Amino acid sequence: MSTKEERERIELLQGTLDLLVLRTLLLGPRHGHAIAKSIEFNSDEVLQVEQGSLYPALHRLIKRGWISVEDGTSENNRRAKFYRLTTKGRRRLDLETRKWNKLAGAIARILRPAE
Amino acid sequence: MRRTKRMLQELDEDIRGHIDAETQDNIARGMSPEEAHYAAMRKFGNVARVKEDTREVWSVAWIEQLLQDVRFGLRMLRRSPGFTVVAVLTLALGIGANTYIFSVVDALVFRPMAFPDPARLVALWERVPSAGLNRNELAPANFLDWQQQNHVFDHIAAYSWWNANLGGVERPEHLHGIQVTPDFFATLEAQPFIGREFLPEEGTPGNDLVAMLSYDLWRDHFAADPSIVGKPVLLNGIKYTVVGVMGANFNYPSGAQVWSPLTFPPGVQANRGGHYLLAVAHLAARVHREEAQAEMSTIASQLAQQYPQTNTGRGINVMPLMESEVGEARTLLAIMLTAVGLVLLIACANISNLMLARGGHRQRETAIRVALGATRLRLIRLLLVESTLLGLLGGSLGILFAFLFLKCPLFQIPSDFARLIPGWGKIVINAPVLLFTLVVSLGTGLIFGLLPALGASRPNVSDTLKEGAPSASMGRRRGRLRNVLIVAEVAVSLALLATAGLMMKSFLHLEQVSPGFNPDRVLTMFIALPSAKYNSDQQVAAFYEQLLDRVQILPGVQSSAVANILPMSKMNTISDIRIDGRPEPKPGEEPGANVRAVSNSYFRTMQIPIDRGREFTSQDSAKGQQVVAVNEVFAARFWPGEDPIGKRVRLSGPLNTEQWRTVVAVVGDIRNQVDVPPPAEIYFPLRQQTRPTMVLVVRTATDPRSLAESVRTQVTALDRDLPVFDVMTMEDWRSISVLPQKIGGSLMAAFAGFALLLSAIGLFGVIAYSVSERTHEIGIRIALGAGRGEIFRLVVGQGMLIALVGLLLGLPLALGMGRAVAGLLYGVAPNDFTTFATVAAIFAAVALAACYIPARRAMAVDPMVALRHE
Chain A
1 MSTKEERERI ELLQGTLDLL VLRTLLLGPR HGHAIAKSIE FNSDEVLQVE QGSLYPALHR
61 LIKRGWISVE DGTSENNRRA KFYRLTTKGR RRLDLETRKW NKLAGAIARI LRPAE
Chain B
1 MRRTKRMLQE LDEDIRGHID AETQDNIARG MSPEEAHYAA MRKFGNVARV KEDTREVWSV
61 AWIEQLLQDV RFGLRMLRRS PGFTVVAVLT LALGIGANTY IFSVVDALVF RPMAFPDPAR
121 LVALWERVPS AGLNRNELAP ANFLDWQQQN HVFDHIAAYS WWNANLGGVE RPEHLHGIQV
181 TPDFFATLEA QPFIGREFLP EEGTPGNDLV AMLSYDLWRD HFAADPSIVG KPVLLNGIKY
241 TVVGVMGANF NYPSGAQVWS PLTFPPGVQA NRGGHYLLAV AHLAARVHRE EAQAEMSTIA
301 SQLAQQYPQT NTGRGINVMP LMESEVGEAR TLLAIMLTAV GLVLLIACAN ISNLMLARGG
361 HRQRETAIRV ALGATRLRLI RLLLVESTLL GLLGGSLGIL FAFLFLKCPL FQIPSDFARL
421 IPGWGKIVIN APVLLFTLVV SLGTGLIFGL LPALGASRPN VSDTLKEGAP SASMGRRRGR
481 LRNVLIVAEV AVSLALLATA GLMMKSFLHL EQVSPGFNPD RVLTMFIALP SAKYNSDQQV
541 AAFYEQLLDR VQILPGVQSS AVANILPMSK MNTISDIRID GRPEPKPGEE PGANVRAVSN
601 SYFRTMQIPI DRGREFTSQD SAKGQQVVAV NEVFAARFWP GEDPIGKRVR LSGPLNTEQW
661 RTVVAVVGDI RNQVDVPPPA EIYFPLRQQT RPTMVLVVRT ATDPRSLAES VRTQVTALDR
721 DLPVFDVMTM EDWRSISVLP QKIGGSLMAA FAGFALLLSA IGLFGVIAYS VSERTHEIGI
781 RIALGAGRGE IFRLVVGQGM LIALVGLLLG LPLALGMGRA VAGLLYGVAP NDFTTFATVA
841 AIFAAVALAA CYIPARRAMA VDPMVALRHE
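These protein sequence lines map, in sequence, to chains A and B.
Numbered per my numbering, the first sequence finishes at 115, counting up by one with no gaps.
Numbered per my numbering, the second sequence finishes at 870, counting up by one with no gaps.
It cannot be assumed that every hint is accurate.
[Stated by the list, open to error] Below, simulated EDC-like cross-link-like pairs (lysine to aspartate or glutamate); rule was C-alpha separation at most 16 Å, straight line: (1) B:K51 - A:E50; (2) B:K570 - B:E328; (3) A:K37 - B:D25; (4) A:K63 - B:E56; (5) B:K239 - B:D208; (6) B:K570 - B:D675; (7) B:K43 - B:E56; (8) B:K5 - B:D69; (9) A:K37 - A:E50; (10) B:K505 - B:D832; (11) B:K43 - A:E40; (12) B:K505 - B:D675; (13) B:K51 - B:E13; (14) A:K63 - B:D53; (15) A:K37 - B:E10; (16) B:K43 - A:E50; (17) B:K570 - B:D416; (18) B:K426 - B:D216; (19) B:K570 - B:D726; (20) B:K239 - B:E202; (21) B:K51 - B:D25.
[To be verified] Below, a sample of chain B positions facing chain A; criterion: calculated Cβ distance under 10 Å: (22) V47; (23) E52; (24) F401; (25) I780.
No wet-lab data here; the hints were simulated from the structure.
On a predicted model such as this, the values are computed, not experimentally measured, just so you know.
Heads up, the beta-carbon is just placed ideally off N, CA and C, and yes, glycines get one too.
Bound-form chain A, shown alone:
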């Protein structure tokens, strides 16, 4: 029984990173390094993930068809992979965001000190 819980926990963590990536790409196509920087910056560096773990997440999202990848040139004129949110990914992001807000709201209400 314990194993099932464990798996859900891992999926939650993975899912969170996925969600953050999708949210970042909502603003437009980015390359890997830019995504990592953006997540760090926007979370006030609260979320300190190893940058490398971004890549399995990106590939997972590509496999699911939520983002696509294309060749492009980075700001310092290097060839780089640009990741772009697909329509499917956008729908997913909406759904996940709603779910997330609901959950966060619920937890917030529970944790709110009694008045």
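Since chain A is already given, all that's left is putting chain B on it; use the hints.
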């Protein structure tokens, strides 16, 4: 797949770009380039692991895990070689036997003949319910009426076996020819390989001297001459023109070598009394066989009204062609397939048992896996992979065994006979058979693996991981499961053994049946005199008499004779007869008898006793008094309580012109088929009932085969263009006639023996395991004063109880199997008490032997050692 590969190649570049970008940022923050690079690397994390994780996203995870399980499974199997060898050998024998039987079923039942659309093909037979005949040959006039009146077939063709002596070659050869109506090939939807089919006009007398060759004949005798079409070929001394060659796959009727048109001369067109044609038909579009049967039955009853003399009580049987061709073999093969499947199930039960026992030893390993987070599904899969591996290993070795079985001399039959069995030549281990083996191997692995896997995947983790004995409750549950398996094994084995016993007993009965003549040391060969050269009865009779004179004086020959029909050959001619002084029978109720034309020396040569009257002599010539001999059955049926000698009888020809003939002898009954009681038979002297095709029977002083060549030389000396064919011995014919029972009985005995061995091993394993588990308990019993004898009885009693329950449960199963094979049994009731009692006794003895060794071991338990062990 390719996209994945490219994505992963580009991942390297992407990661490098990422780290460079981060390094640039760091430099911009004021770090030294070296420092900046290391900081970027640190922040990125383990590059190798990132790549690994990314690759995993794209990999099909279950395949990789499966490979892991396979590697682990192989390691486990290597680590317990004893178990692996026993399991693989058991499976190999079981799967090998299944593969072998399936290859036979595949060849004989699924694809005996290569027709494009076998489901639309039917065989047509006349049926005479009053005589118990379901598959009687057709009279030509009836066939012509069927052909004209039916609306359910788009083609209907008749054919008839035809002796074609191939001339113009070094050594004359007899060919198995078939005369066919011109649309025969169209009916079967078969096109010639080269050349053309017969034309409609070639089915009329005078235009019929054309021939279609079989592929093998063309290849072997005409050197695969590509321009054979249009060339002449000499058959029965007459020039035929080759019009085509059939494809290598076309072999209908089985054994045919050359086809020629069948004609219906005016005399034949009205013949409703002589039944000698076979027929096939192709169902018209959207017509079901049942509809065809209904219409043909209507036609039959109309014909019966129209021609009451000949057609009263004659129906038509529309059979699926495949059933008509292989129907008899099917029952036997179905039983064999069931038996061999059951043997494999027993093997599965045995291996399940071994694995359950091993599961006990592997409890700790399983418990650790669960403690480390393995899911139940994953555990089951791991164990199933292991058992499937065993199944595949067993299957691979099994294919080897199947090859050996195919080569086994027991299943070889004379080629002259094998040729006639549709599909016999096609028994091979081919792709479909291998696919079957693969499926069976995988299935077997899953079947025997499932129970142990389910059991082992639910270990009691905390109990097992604590130091000490495995938990008692687990052991008991597993023990009960193993007992149930053994009981089932014993029950199924008993049923198989009983069936084998019944079949063997039946076979032995058949072997002991006296055929009514002496089949020892008799050489047999057929001769077909071509009518072009031997066009009078006188010429034919003279030839055979001269031949007998020549053969008679050969050294080693005791006696020789000719006859139109050879006993045990399954050939026959039947005729309606009339008894002098009896009222004319009603149509459809005419008495009939087997008709035999024999030379004077036939009874002497075959050693058929003449009970009353005299032998045929040279006085019984064409011009002399017309005489016959009848057998005892005939005498008892038509003249019960009277002396048949001097009574008169005649054949009933269509025109009632046959002469009355006087009975001069009553001879002993002989069997034409070993398992069929003798019918009424009437014998004619050769000169008074002459047939061009005869079988020469030669009783010899030594091995009859050694005389075959010198006898053949005598035939050639009389006519150098005349071949002999089907050169065999009477013993060959006799053993062929019991071949299905022999092969069936031996196979069943082999399967049952294997099953018995397996269940004995299984029982031994269970008892031995239980003794080793109960060492402690036994030690206490002995310490408390139990005698060795008591311990012995305790262990043996446990084993015998299992065996007894299995035997009791197996009994109804055995009775059911007995009923299933009842149709194949001769002289044995399907519930034969002696067989069942013997089989049960054998089983009890084997069970006792299986318990003996563990019981001895239990007796030898040293209480001190056993108690200290805990």
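Find the hints from earlier in the document that the structure breaks and name them by number, from lowest to highest.
-> As far as the earlier hints go, 7, 8, 15, 21, 24, 25 are violated by this structure, in ascending order.
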